[in-house]
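Just so you know, the sequences run in chain order H and P. Position one of the first sequence corresponds to residue 59 (the working numbering), numbered consecutively onward. Position one of the second sequence corresponds to residue 59 (the working numbering), numbered consecutively onward.
Hints were generated in silico from the structure; no laboratory data involved. The reader is advised that the hints may include incorrect statements.
For chains that are exact copies, the list does not tell them apart, and a pair is met inside one copy or across any two.
As the list claims (entries may be wrong) - EDC-like cross-link-like pairs, simulated, lysine to aspartate or glutamate; straight-line CA separation at most 20 Å:
{"no.": "1", "residue 1": "Lys410", "residue 2": "Glu428"}
{"no.": "2", "residue 1": "Lys410", "residue 2": "Glu339"}
{"no.": "3", "residue 1": "Lys197", "residue 2": "Glu139"}
{"no.": "4", "residue 1": "Lys197", "residue 2": "Glu157"}
{"no.": "5", "residue 1": "Lys71", "residue 2": "Glu103"}
{"no.": "6", "residue 1": "Lys71", "residue 2": "Asp285"}
{"no.": "7", "residue 1": "Lys350", "residue 2": "Glu82"}
{"no.": "8", "residue 1": "Lys197", "residue 2": "Glu519"}
{"no.": "9", "residue 1": "Lys410", "residue 2": "Asp186"}
{"no.": "10", "residue 1": "Lys197", "residue 2": "Asp313"}
{"no.": "11", "residue 1": "Lys197", "residue 2": "Glu373"}
{"no.": "12", "residue 1": "Lys197", "residue 2": "Glu110"}
{"no.": "13", "residue 1": "Lys350", "residue 2": "Asp285"}
{"no.": "14", "residue 1": "Lys350", "residue 2": "Asp400"}
2 protein chains.
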Amino acid sequence: MDGANRNFTPHGKHLIAGEWIAGEQTFRSSPAYGEAHDFAIGTPELVNRAAEAAEQAFLSYGYTTREDRAAFLDAIAEEMEVRVDAITEIAMSETGLPEPRIRNVELPRTANQLRLFASHIRAGDYLDRRHDAALPDRKPMPRPDLKMVQRPIGPVAVFGASNFPLAFSTAGGDTAAALAAGCPVVVKGHGAHPGTGEIVAEAIAAAIDRCGMPGGVFSLVQGGKRDVGQALVQHPLIKAVGFTGSLYGGRALFDLAVSRPEPIPFFGELGSVNPMFLLPEAMSARGAELGKSWAASLVMGAGQFCTNPGIAVIENGAAGDAFVAAARDTLVETGPQTMLTDGIAAAYRDGKSRFNGRNAVTAVLETESEGRMIRPNLYETDASSYLQDADLGEEVFGPLGLVVRVSGADEMETLARGLRGQLTVTLHMDDGDTDAARRLVPILERKAGRLLVNGFPTGVEVADSMVHGGPFPASTNFGHTSVGTLSIRRFLRPVCYQNMPDALLPSDLA
Amino acid sequence: MDGANRNFTPHGKHLIAGEWIAGEQTFRSSPAYGEAHDFAIGTPELVNRAAEAAEQAFLSYGYTTREDRAAFLDAIAEEMEVRVDAITEIAMSETGLPEPRIRNVELPRTANQLRLFASHIRAGDYLDRRHDAALPDRKPMPRPDLKMVQRPIGPVAVFGASNFPLAFSTAGGDTAAALAAGCPVVVKGHGAHPGTGEIVAEAIAAAIDRCGMPGGVFSLVQGGKRDVGQALVQHPLIKAVGFTGSLYGGRALFDLAVSRPEPIPFFGELGSVNPMFLLPEAMSARGAELGKSWAASLVMGAGQFCTNPGIAVIENGAAGDAFVAAARDTLVETGPQTMLTDGIAAAYRDGKSRFNGRNAVTAVLETESEGRMIRPNLYETDASSYLQDADLGEEVFGPLGLVVRVSGADEMETLARGLRGQLTVTLHMDDGDTDAARRLVPILERKAGRLLVNGFPTGVEVADSMVHGGPFPASTNFGHTSVGTLSIRRFLRPVCYQNMPDALLPSDLA
Numbered sequence: 059m060d061g062a063n064r065n066f067t068p069h070g071k072h073l074i075a076g077e078w079i080a081g082e083q084t085f086r087s088s089p090a091y092g093e094a095h096d097f098a099i100g101t102p103e104l105v106n107r108a109a110e111a112a113e114q115a116f117l118s119y120g121y122t123t124r125e126d127r128a129a130f131l132d133a134i135a136e137e138m139e140v141r142v143d144a145i146t147e148i149a150m151s152e153t154g155l156p157e158p159r160i161r162n163v164e165l166p167r168t169a170n171q172l173r174l175f176a177s178h179i180r181a182g183d184y185l186d187r188r189h190d191a192a193l194p195d196r197k198p199m200p201r202p203d204l205k206m207v208q209r210p211i212g213p214v215a216v217f218g219a220s221n222f223p224l225a226f227s228t229a230g231g232d233t234a235a236a237l238a239a240g241c242p243v244v245v246k247g248h249g250a251h252p253g254t255g256e257i258v259a260e261a262i263a264a265a266i267d268r269c270g271m272p273g274g275v276f277s278l279v280q281g282g283k284r285d286v287g288q289a290l291v292q293h294p295l296i297k298a299v300g301f302t303g304s305l306y307g308g309r310a311l312f313d314l315a316v317s318r319p320e321p322i323p324f325f326g327e328l329g330s331v332n333p334m335f336l337l338p339e340a341m342s343a344r345g346a347e348l349g350k351s352w353a354a355s356l357v358m359g360a361g362q363f364c365t366n367p368g369i370a371v372i373e374n375g376a377a378g379d380a381f382v383a384a385a386r387d388t389l390v391e392t393g394p395q396t397m398l399t400d401g402i403a404a405a406y407r408d409g410k411s412r413f414n415g416r417n418a419v420t421a422v423l424e425t426e427s428e429g430r431m432i433r434p435n436l437y438e439t440d441a442s443s444y445l446q447d448a449d450l451g452e453e454v455f456g457p458l459g460l461v462v463r464v465s466g467a468d469e470m471e472t473l474a475r476g477l478r479g480q481l482t483v484t485l486h487m488d489d490g491d492t493d494a495a496r497r498l499v500p501i502l503e504r505k506a507g508r509l510l511v512n513g514f515p516t517g518v519e520v521a522d523s524m525v526h527g528g529p530f531p532a533s534t535n536f537g538h539t540s541v542g543t544l545s546i547r548r549f550l551r552p553v554c555y556q557n558m559p560d561a562l563l564p565s566d567l568a
Numbered sequence: 059m060d061g062a063n064r065n066f067t068p069h070g071k072h073l074i075a076g077e078w079i080a081g082e083q084t085f086r087s088s089p090a091y092g093e094a095h096d097f098a099i100g101t102p103e104l105v106n107r108a109a110e111a112a113e114q115a116f117l118s119y120g121y122t123t124r125e126d127r128a129a130f131l132d133a134i135a136e137e138m139e140v141r142v143d144a145i146t147e148i149a150m151s152e153t154g155l156p157e158p159r160i161r162n163v164e165l166p167r168t169a170n171q172l173r174l175f176a177s178h179i180r181a182g183d184y185l186d187r188r189h190d191a192a193l194p195d196r197k198p199m200p201r202p203d204l205k206m207v208q209r210p211i212g213p214v215a216v217f218g219a220s221n222f223p224l225a226f227s228t229a230g231g232d233t234a235a236a237l238a239a240g241c242p243v244v245v246k247g248h249g250a251h252p253g254t255g256e257i258v259a260e261a262i263a264a265a266i267d268r269c270g271m272p273g274g275v276f277s278l279v280q281g282g283k284r285d286v287g288q289a290l291v292q293h294p295l296i297k298a299v300g301f302t303g304s305l306y307g308g309r310a311l312f313d314l315a316v317s318r319p320e321p322i323p324f325f326g327e328l329g330s331v332n333p334m335f336l337l338p339e340a341m342s343a344r345g346a347e348l349g350k351s352w353a354a355s356l357v358m359g360a361g362q363f364c365t366n367p368g369i370a371v372i373e374n375g376a377a378g379d380a381f382v383a384a385a386r387d388t389l390v391e392t393g394p395q396t397m398l399t400d401g402i403a404a405a406y407r408d409g410k411s412r413f414n415g416r417n418a419v420t421a422v423l424e425t426e427s428e429g430r431m432i433r434p435n436l437y438e439t440d441a442s443s444y445l446q447d448a449d450l451g452e453e454v455f456g457p458l459g460l461v462v463r464v465s466g467a468d469e470m471e472t473l474a475r476g477l478r479g480q481l482t483v484t485l486h487m488d489d490g491d492t493d494a495a496r497r498l499v500p501i502l503e504r505k506a507g508r509l510l511v512n513g514f515p516t517g518v519e520v521a522d523s524m525v526h527g528g529p530f531p532a533s534t535n536f537g538h539t540s541v542g543t544l545s546i547r548r549f550l551r552p553v554c555y556q557n558m559p560d561a562l563l564p565s566d567l568a
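With these hints in hand, go ahead and build the complete structure from the sequences.
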């Protein structure tokens, strides 16, 4: 592994089944700072090569032992850690995220995620093995011997997110879950961090070599044009898609996936405004403190988290005033922040402008910004305006907060009922709020994949119990999660074996 | 329960949330024999009433204890058994199925299925409860307390099948699984057995009364026109659809479900040709016997099973000749059979006519038929013709067999690779065929939800290990099954509770 942690200069190639392939056309990266580089533009032909190699690889990879796949996942984690300096440098440059976020948080999180899946498949509970033994003497009909196990589905396409260049990208959660299940992966490289994608692909390629896995088990087709993603979702050999990104882009790809001659599952995580409901007792006890904490959560990572708590629902009154004032004060003190891409910064300004022209919306804090540097914004509205105006409930990616004032518990409940699907919903409450919370929880648990009490939703724990998903538009499949060990279920299908001799059963059943 | 088992005359009404509602317009049933009756025609307005009642019912039913739901499922089973004579009489009349099939097989199967789900939810493993305890001292970030459980998704729409008027219809597998999960159900009544639907709905209504369940937990909207099904799939309060039926109708409803502003999962079981691969050693040992058994399986229930084994793949040679001759002889001896509906009989004749005009297809046994009475047909073709002509792989619902002759093991493998998605694939083999089977199994397990050795796929066991599903077009969701306890998973979604006080947790977690 000598030289793996060298000062990294991307060569800009695709990785297709173990081969680095230059592109006929290239695009130039636009880093937040530092040098730009040229990267090959993906094509449908390359997608086809990658998908065919993935299918070929599945014939062996789909039959590897769980121990062999676990060792492979562990090796990917190690190969990423060996490259920590180079990964940190290029990811910081491409995304503008600060060094500790990449080096101390996201890279360890990504490596731990790979290792968690390794230990998850070693344990084997996810296989949900079942056996109904034969009952040859049963009347009126004998029962045959039936065994069931969850099997990998085949090649999987992964679309990474801009906001987590490691944890939700090339070797992120979707890739880790698919590889753990036994599915080869074709990643569409994210145009906002192509160099980060390249070096992570290099780490995976090194792990493939070390573990003797087939090259087609992983390919990275760099992006550049829309037709790459479309070709990937429509390729007949691709059996499922993992996607993290915008509602608009995600829905378009979802529509393609379900319109195929053979429709396939599209596991899209499309974002959320993550409402917080602040109950009266908690607010009178610590309204200002909550306002301050909310603002701090809102600007973390320049607000570029799927779980950023964009909406705060509070009752009219003095405690609410203190909450808003404290939030405002904290946001004013926040310096300018760099957004991930020029496009995201522009979308943030567009999103903010939706709030400006509206009678029912009051600006609490309005800021100007330029280029990729932005500042937080804070608005306020009332419940009925919020419910009447669907635009106000749409995610603005970035540090923008909207306070929704309600007249009391009934209107809070009405607002809760009117919410669209969310990744998370949070309650801030004291013991005296328990009855009010009891009314809200049955409503809110139908709106979100995760319910929190007295916390902030950013910081999605990678764990057995995590659910990162929820009703549309938070995700396209409310029955699944894209974070945590349960996410492996997306890439499995049950198969039943009836009266099958042991010699023909998959190794997990024999 | 006095009089429940009276001589039953349908009143022809819908059941909406506990009320029997007459229709402004009616359609006349077309039974195989016996008296026809008038039934209310469903409307989008009635679908809306049923869906709103289901949503209202979910607010309490979604929070019942598992024991209460289990008792309710047991009560439905009992109320059906109490009505056994009346159910048998009307179901026989409407479907033309013989008495033992209804009385001794399908009704007990349906009742046992309800009881199996009752015991499944009593055990509670399906909840997949998970807990990651808080780690307050973890560095760099503490871990919150995370608990996860599977929760019911809300109101579910069910479209029953023509061929199982009880087990895959009003109180069939989809309804049982949804009610077990905690989801209210709106059934679109099947136009081929509306009276059977009515009496089963009566049994469910009696169980609702006995158990004090909310009326909206179950509604039956009789069919009649296409707009009922469309309105049901598109209703914003419906959160998933269970469907058993044809590829054409299923795909159209699937397309509606995924095109909604909020797309929902559509669990369609659309049928299959269920190929059998007969390996050489088994064929030389007992080719004629296998041909005879195949023919017997092919005509069971007039071939009207989703798992009817329509295709037999054999090698050229004497054993194959004996197989075909024996199959033909058995089919010739089969008397005329009544099909479920005039439409199904007409579709059978249409399907058969696809085989007649083709050079590459030889008729081994061709029969004429009229009205609802039909006879079996048997054809033969070669592997390359089969693979070139997608029509030959399309399901013909009824007792029609197609023998595909291959030149040897390689061509058998090629044929296996070319198959579309299936509910089942069967191998007939002896010990000496094990190596050949080892080559085929990895290919075949990607094509089907269930693999069988030395059996016939009809007779789908309702069990923990059963998978009745498979790659499209066998089903629209290869990750799920529509039969067996695992089918409950279709109507559940994971929810994570972070730092939630016990007082607010769902009872299954507290």
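These are the hints, each one checked on the structure:
1. Lys410 - Glu428: within (13 Å within a copy, 70 Å between copies)
2. Lys410 - Glu339: neither (32 Å within a copy, 73 Å between copies)
3. Lys197 - Glu139: Close across copies (19 Å), not inside one copy (61 Å); limit 20 Å.
4. Lys197 - Glu157: between (69 Å within a copy, 18 Å between copies)
5. Lys71 - Glu103: within (15 Å within a copy, 58 Å between copies)
6. Lys71 - Asp285: within (18 Å within a copy, 53 Å between copies)
7. Lys350 - Glu82: Neither way: lysine 350 and glutamate 82 sit 52 Å apart in one copy and 61 Å across, limit 20 Å.
8. Lys197 - Glu519: Only across copies: lysine 197 and glutamate 519 sit 13 Å apart there, 51 Å inside one copy, limit 20 Å.
9. Lys410 - Asp186: neither (47 Å within a copy, 42 Å between copies)
10. Lys197 - Asp313: neither (48 Å within a copy, 42 Å between copies)
11. Lys197 - Glu373: Neither: 66 Å inside a copy, 36 Å across copies.
12. Lys197 - Glu110: Cα proximity of lysine 197 and glutamate 110: none, with 49 Å in one copy and 44 Å across.
13. Lys350 - Asp285: neither (45 Å within a copy, 53 Å between copies)
14. Lys350 - Asp400: neither (29 Å within a copy, 71 Å between copies)
Hint compliance for this structure: hints 2, 7, 9, 10, 11, 12, 13, 14 are broken, all remaining hints hold.
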